[in-house]
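First to last, the sequence lines map onto chains B and H.
Mapping to the working numbering: the first sequence position 72 is 72, numbers consecutive.
Mapping to the working numbering: the second sequence position 455 is 906, numbers consecutive.
Hints were generated in silico from the structure; no laboratory data involved.
Don't take each hint at face value.
[To be verified] Restricting the straight-line Cα-Cα distance to at most 27 Å, the calculated cross-link-like pairs of lysine-lysine (DSSO-like) are: (1) H:K905 to B:K74; (2) H:K804 to H:K792; (3) H:K754 to H:K676; (4) H:K664 to H:K819; (5) H:K724 to H:K819; (6) H:K900 to H:K692; (7) H:K914 to H:K900; (8) H:K676 to H:K525; (9) H:K483 to B:K77; (10) H:K525 to B:K90; (11) B:K74 to H:K676; (12) B:K90 to B:K393.
[To be verified] Label-pair restraints from in silico Cβ distances: (13) B:L57 to H:A904: 33 to 43 Å; (14) H:Q872 to B:D281: 58 to 68 Å; (15) B:D281 to H:S911: 30 to 40 Å; (16) B:D215 to H:Q872: 39 to 49 Å; (17) H:Q513 to B:G313: 55 to 65 Å; (18) H:E818 to B:N307: 47 to 57 Å; (19) H:Q513 to B:D281: 30 to 40 Å; (20) H:L826 to B:N315: 24 to 34 Å; (21) B:S206 to H:K692: 31 to 41 Å; (22) H:K692 to B:N307: 23 to 33 Å; (23) B:D215 to H:V917: 42 to 52 Å; (24) B:N307 to H:D824: 30 to 40 Å.
[Said to hold, decoys possible] Now the stretches of chain B that chain H is said to cover, found in silico as 3 or more residues with beta-carbon under 8 Å: (25) 196-202; (26) 350-359.
Ideal placement from N, C-alpha and C gives every residue a C-beta, glycine not left out.
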Amino acid sequence: MNKLFIQILLFTLYISQNLNAQQEQTLNFATDLWQSNLTNPALLPSGKKIHFSLPSLYFNANAPLSVQDLIVNKSGKRIIAPFYGQWLDKLEEVNYYNGDVQMLTAAISFPISENLQVSGHHLLSSSQNFIVPRDAASLVIRGNGQFVGTAAEFGTHVSADVRSEFGLALTYHDEFFSIGGRIKSQNGIAGAFSRGDKLRLVTDTSFYALRLTTDYDLMMFEPDQKNFLSNALLNNGGVSADFGVKVNLGKLKLSASVLDAGGSIHWKKGGTTYTSNGDVDFRGFSKIDVESSSFHRIMDTIKTALNISEYQGGNFTQNLPLRVYIGANYELTNNFRVGGLLYSETLGDETKYGAMANVTVNYLQWLRVGLTLGLRNESKANLGIHAGLILHKTAQLFFVTDNILVYAKPFATNTFNGRIGCNLLLGKNPEEKLTKKIKSSKMSKRYGTIW
Amino acid sequence: MSKLSTILFFAALFCLVHSCKLPYDDIDLNVKLTPEYAVPLVETTLNLRDLFDSFDGSAYLQVQSDGTFKMFYKGKVIETLPIDLFAGMPDVQPIPINQSDVVLPFPSPAGTRIDAIDFKKGFFKWRFDAQATPLSVRITLPQFTKNGQVFSKTFTVANMPFRDSIDLNGWRCEPTLNNIVISYQASKASGEFVSLNNQGTYEITRFESKSMKGYFGQFLMTLPKDSISLDFFKNWRPNGKIRFTEPTVTFDFDNSLGFPIQARTSVAESINKVEQKVTLQSNLSTGVNLLYPGLNEMGVSKKSSIKIDNKNSNITDLTASNPTLFIHSLVGISNLGNTNKTAGFLNDDSRLKASCTLEIPIIGTAEKFIVYDTLVLDLSKFSEVAAAEFKITTDNEMPIDMALQAYFVSSAGVILDSLVQKEPLILRGAPTTVAGTTIGTSLAYNFIKMDAAKFTSIRSAKKVIVKYTVSSSNNGANPVRINSSQKFGVKIGVRVGVNL
Numbered sequence: 001m002n003k004l005f006i007q008i009l010l011f012t013l014y015i016s017q018n019l020n021a022q023q024e025q026t027l028n029f030a031t032d033l034w035q036s037n038l039t040n041p042a043l044l045p046s047g048k049k050i051h052f053s054l055p056s057l058y059f060n061a062n063a064p065l066s067v068q069d070l071i072v073n074k075s076g077k078r079i080i081a082p083f084y085g086q087w088l089d090k091l092e093e094v095n096y097y098n099g100d101v102q103m104l105t106a107a108i109s110f111p112i113s114e115n116l117q118v119s120g121h122h123l124l125s126s127s128q129n130f131i132v133p134r135d136a137a138s139l140v141i142r143g144n145g146q147f148v149g150t151a152a153e154f155g156t157h158v159s160a161d162v163r164s165e166f167g168l169a170l171t172y173h174d175e176f177f178s179i180g181g182r183i184k185s186q187n188g189i190a191g192a193f194s195r196g197d198k199l200r201l202v203t204d205t206s207f208y209a210l211r212l213t214t215d216y217d218l219m220m221f222e223p224d225q226k227n228f229l230s231n232a233l234l235n236n237g238g239v240s241a242d243f244g245v246k247v248n249l250g251k252l253k254l255s256a257s258v259l260d261a262g263g264s265i266h267w268k269k270g271g272t273t274y275t276s277n278g279d280v281d282f283r284g285f286s287k288i289d290v291e292s293s294s295f296h297r298i299m300d301t302i303k304t305a306l307n308i309s310e311y312q313g314g315n316f317t318q319n320l321p322l323r324v325y326i327g328a329n330y331e332l333t334n335n336f337r338v339g340g341l342l343y344s345e346t347l348g349d350e351t352k353y354g355a356m357a358n359v360t361v362n363y364l365q366w367l368r369v370g371l372t373l374g375l376r377n378e379s380k381a382n383l384g385i386h387a388g389l390i391l392h393k394t395a396q397l398f399f400v401t402d403n404i405l406v407y408a409k410p411f412a413t414n415t416f417n418g419r420i421g422c423n424l425l426l427g428k429n430p431e432e433k434l435t436k437k438i439k440s441s442k443m444s445k446r447y448g449t450i451w
Numbered sequence: 452m453s454k455l456s457t458i459l460f461f462a463a464l465f466c467l468v469h470s471c472k473l474p475y476d477d478i479d480l481n482v483k484l485t486p487e488y489a490v491p492l493v494e495t496t497l498n499l500r501d502l503f504d505s506f507d508g509s510a511y512l513q514v515q516s517d518g519t520f521k522m523f524y525k526g527k528v529i530e531t532l533p534i535d536l537f538a539g540m541p542d543v544q545p546i547p548i549n550q551s552d553v554v555l556p557f558p559s560p561a562g563t564r565i566d567a568i569d570f571k572k573g574f575f576k577w578r579f580d581a582q583a584t585p586l587s588v589r590i591t592l593p594q595f596t597k598n599g600q601v602f603s604k605t606f607t608v609a610n611m612p613f614r615d616s617i618d619l620n621g622w623r624c625e626p627t628l629n630n631i632v633i634s635y636q637a638s639k640a641s642g643e644f645v646s647l648n649n650q651g652t653y654e655i656t657r658f659e660s661k662s663m664k665g666y667f668g669q670f671l672m673t674l675p676k677d678s679i680s681l682d683f684f685k686n687w688r689p690n691g692k693i694r695f696t697e698p699t700v701t702f703d704f705d706n707s708l709g710f711p712i713q714a715r716t717s718v719a720e721s722i723n724k725v726e727q728k729v730t731l732q733s734n735l736s737t738g739v740n741l742l743y744p745g746l747n748e749m750g751v752s753k754k755s756s757i758k759i760d761n762k763n764s765n766i767t768d769l770t771a772s773n774p775t776l777f778i779h780s781l782v783g784i785s786n787l788g789n790t791n792k793t794a795g796f797l798n799d800d801s802r803l804k805a806s807c808t809l810e811i812p813i814i815g816t817a818e819k820f821i822v823y824d825t826l827v828l829d830l831s832k833f834s835e836v837a838a839a840e841f842k843i844t845t846d847n848e849m850p851i852d853m854a855l856q857a858y859f860v861s862s863a864g865v866i867l868d869s870l871v872q873k874e875p876l877i878l879r880g881a882p883t884t885v886a887g888t889t890i891g892t893s894l895a896y897n898f899i900k901m902d903a904a905k906f907t908s909i910r911s912a913k914k915v916i917v918k919y920t921v922s923s924s925n926n927g928a929n930p931v932r933i934n935s936s937q938k939f940g941v942k943i944g945v946r947v948g949v950n951l
């Protein structure tokens, strides 16, 4: 058994995060953070003129298993034994392992006029998306003995990448509405993508003859080590766009955004393609020979039968999921507001939905805390939190997560995410002037102040 | 900071500490569930011909017109040495010339009659000791001819003693009643005849013939002993019974000797693994006359075939003894019964050749007939295997039941364990009619389990002795026929638990 493969798989279960299906939703409510602008380019935090984001980390994991699932009781001890495979019984027929690790290396936002704000950012992200049939994991851990007389479908969908993203956004805002757009340049650094996804092993009952049916391509893109920087910034490029709008209706604020519209990355450089296609039968050897029964020889023969061809090259277009946020917030008091959010994520023919309710409290001028209750696609209700702490009126520490409860028992959960980091808030507060202006306006008299 | 913020701080700290408590004691990547793989090992079809591929030497298998198999074991072609009738005869002594026409007995063995002889070697010599010289002498051998010319030579004798000779190569001699006549005539230069009686000798040196006609008497010709290794029975042990109902031994003779010959077996016996001998009793034991070429067929070979079967011999007893070797020795006796002493011929290249073929049609009965086979095996190569269950699927069109057992043996020859603990694995044969013709196939599934303890016990095995116990249908009571269309399909798969 390839231990490395299992370790990578298990590691991926917990560290990898979901780019495609479970993008953070709570962040959309944390409008005092510039990072909320990543969910809607029309959202700009109130307060200081200039927002500078120091490197911050975003992580998101969504897997059907938890660390607890790997624990085995043995001789009175609780040990993690991933290769024992008792966790296989907890898997669904088809399992989604996905996630994202994102390092926002830097971001800056500053006004270029009274109503225009420009933002720029760069981030490095690593995204993985595996669709693993239970049969695949079961085949690796328990062998094909359990599949005698049946077919094991073990074609595993792989979509994993490491990429660099530059974004440039422009936001127009006045007292009634904001509108923003962002253009993003993406460059793939490394990636692995499958195509076909058909791997089927049929083990017959008479004498366990094997039939392998394959229609599977795996493309691996590796960076050019000698020209890593140029590779990271120039090769395997793609472009996407974000659009957002926010409308102020007094105490009610409505917002909507579309992210990664038309986004795709075209992988062309550094590719190696592994292909297996066709039907292969393995019916043992034609001669009774004790030597032929060597287990290694049999396995070698089966590997040969897979007929995997390898060639340098290969192109792959990685489509980015189209995400839509539609939100509403209502200000109950100056320091207390409630809101709701609808979220969808579409990739190809598949769309996933999420919904979230939010309560946010402004506490003691320097602390803002919000609680969210989210409903995600195929997951239970999640209690999230977003908190921002301002120190010395300049440094803004923040933490955002869609599910705070998992932090109490992180080893028992199979889904968690979070964003943590620090922003610098510079310049005078342009809102003070704006507030005065709004308070004197007719709209303000009717609907109240802007949050 | 207010009380609320203090409470929130400690609540967060509690959650953080609690969350950092590890829910496990250790991480152990070596705790594994043994995966089980189900893989095919062998899919093959065997018939009797495949079994014979492993035989060596003189055996081969032939498909008969009715589809049945016949085992063939063919011995070497053996032949007599060149027959020299004159071997052992004393050298011919010089004969005094006591008259002008000397009648000389032709030097031939007793009881023979040489009607004609074509010489290949030898000399006729003469010597004169007379003092009166010079003389003109003519020697005449009226029974010696060459190209139709009678031998006659005239020469001058100038000095005494005088010696001369002729090379007999190419000359034919036709003795009369085993006698030859030699004449001389001597005269002086004046024409006066001179007697050389008692003043010289004639001599015929040791000669060899190229061809002879006549009656050569009775003598014994021994052909070299030959043996045939019977591979089919070599690996088999005499624990059970196998009886082929229609075996034959055929002796094929090729005779270019031109006189009557009766062939006999001086030795014809089989030997099995425990040195038991069975003598073949047949008409060849007492003698069988062979065909031979007539006087007008010189250079021609006549073939005779003597077939010994279950009707004229005890050959079924011989094959039933599980022989591993068949030994035979033949002799030929000349002119036995040729009371008229009819003339024949003998050339220097005339031979009596013979070969022996043992044919065993695969028709018969077998009752718990046991064969052993030894395979070299190194189970240390199977170190990753924890346990296994073999599934053996057989599709048997042959009308033989086979019970299979195997013994795992260490390098010291100690049996460590057996493949099957109790009863051996039974591979049923195809059903047959009373006449032994198959009327279907027999499909069987057998499972052999080898758990971890068993694998441990046999892991040091270096070879495996496979024991096949073979019985024909009805437990060996009915004879069966195996033909070329009958196959023994074997499919072996294994479910194996592996420690990776």
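For each hint, the structure was consulted:
1. Simply put, H:K905 and B:K74 have alpha-carbon atoms about 26 Å apart, close enough for the 27 Å limit, and the pair holds.
2. A distance of roughly 24 Å separates the Cα atoms of H:K804 and H:K792; the hinted pair therefore holds under the 27 Å criterion.
3. For the proposed pair H:K754 and H:K676, the alpha carbon gap of about 20 Å is at most 27 Å, so the pair holds.
4. A threshold of 27 Å between alpha carbons decides the hint, and for H:K664 with H:K819 the separation of about 60 Å lies outside it, so the pair is violated.
5. Between H:K724 and H:K819, the direct Cα distance comes to roughly 17 Å. Compliance with the 27 Å bound is thereby established for this hinted pair.
6. In summary, the hint linking H:K900 to H:K692 is not supported, as the alpha carbons are separated by about 31 Å, beyond the 27 Å threshold.
7. Restraint check for H:K914 and H:K900: satisfied, since their Cα atoms lie roughly 19 Å apart, inside the 27 Å limit.
8. Restraint check for H:K676 and H:K525: satisfied, since their Cα atoms lie roughly 14 Å apart, inside the 27 Å limit.
9. With a C-alpha separation of about 16 Å, the suggested pairing of H:K483 with B:K77 holds against the 27 Å cut-off.
10. Between H:K525 and B:K90 the alpha-carbon distance is near 71 Å, which puts this suggested pair outside the 27 Å criterion.
11. Restraint check for B:K74 and H:K676: the C-alpha separation of about 77 Å exceeds 27 Å, so the hint is violated.
12. A hinted pair counts as satisfied when its Cα atoms are at most 27 Å apart, and B:K90 with B:K393 does not qualify at roughly 49 Å.
13. Against the hinted window of 33 to 43 Å, the Cβ-Cβ separation of B:L57 and H:A904 comes to about 54 Å, which falls outside the hint.
14. Hint check: H:Q872 to B:D281, Cβ distance near 35 Å, so the stated range 58 to 68 Å is violated.
15. A beta carbon spacing of about 36 Å between B:D281 and H:S911 agrees with the range 30 to 40 Å that was offered as a hint.
16. The supplied range of 39 to 49 Å is met by B:D215 and H:Q872, whose beta-carbon atoms lie about 47 Å from each other.
17. The hint said 55 to 65 Å for the Cβ distance between H:Q513 and B:G313, and at roughly 60 Å that hint holds.
18. Evaluation of the 47 to 57 Å hint for H:E818 and B:N307 yields a pass: the beta carbon distance comes to about 51 Å.
19. Checking the proposed 30 to 40 Å range against H:Q513 and B:D281 shows it holds: the Cβ atoms sit about 35 Å from each other.
20. Take H:L826 and B:N315: their Cβ atoms lie about 54 Å apart, and the range 24 to 34 Å is violated.
21. Between B:S206 and H:K692 the beta carbon distance is about 35 Å. The supplied range of 31 to 41 Å therefore holds.
22. Under the hint 23 to 33 Å, the C-beta atoms of H:K692 and B:N307, about 52 Å apart, miss the expected range.
23. Here the CB-CB span from B:D215 to H:V917 is close to 43 Å, well matched to the stated 42 to 52 Å.
24. At roughly 36 Å, the beta-carbon separation of B:N307 and H:D824 lies within the given 30 to 40 Å, and the hint holds.
25. Residues of the segment 196-202 of chain B lying with their CB closer than 8 Å to a CB of chain H number 0, which falls below the three-residue condition for coverage.
26. With a cut-off of 8 Å between beta carbons, the segment 350-359 of chain B has 0 residues touching chain H; three or more are needed, and the interface restraint is violated.
In summary, the structure is inconsistent with hints 4, 6, 10, 11, 12, 13, 14, 20, 22, 25, 26 from the numbered list given earlier, while agreeing with the others.
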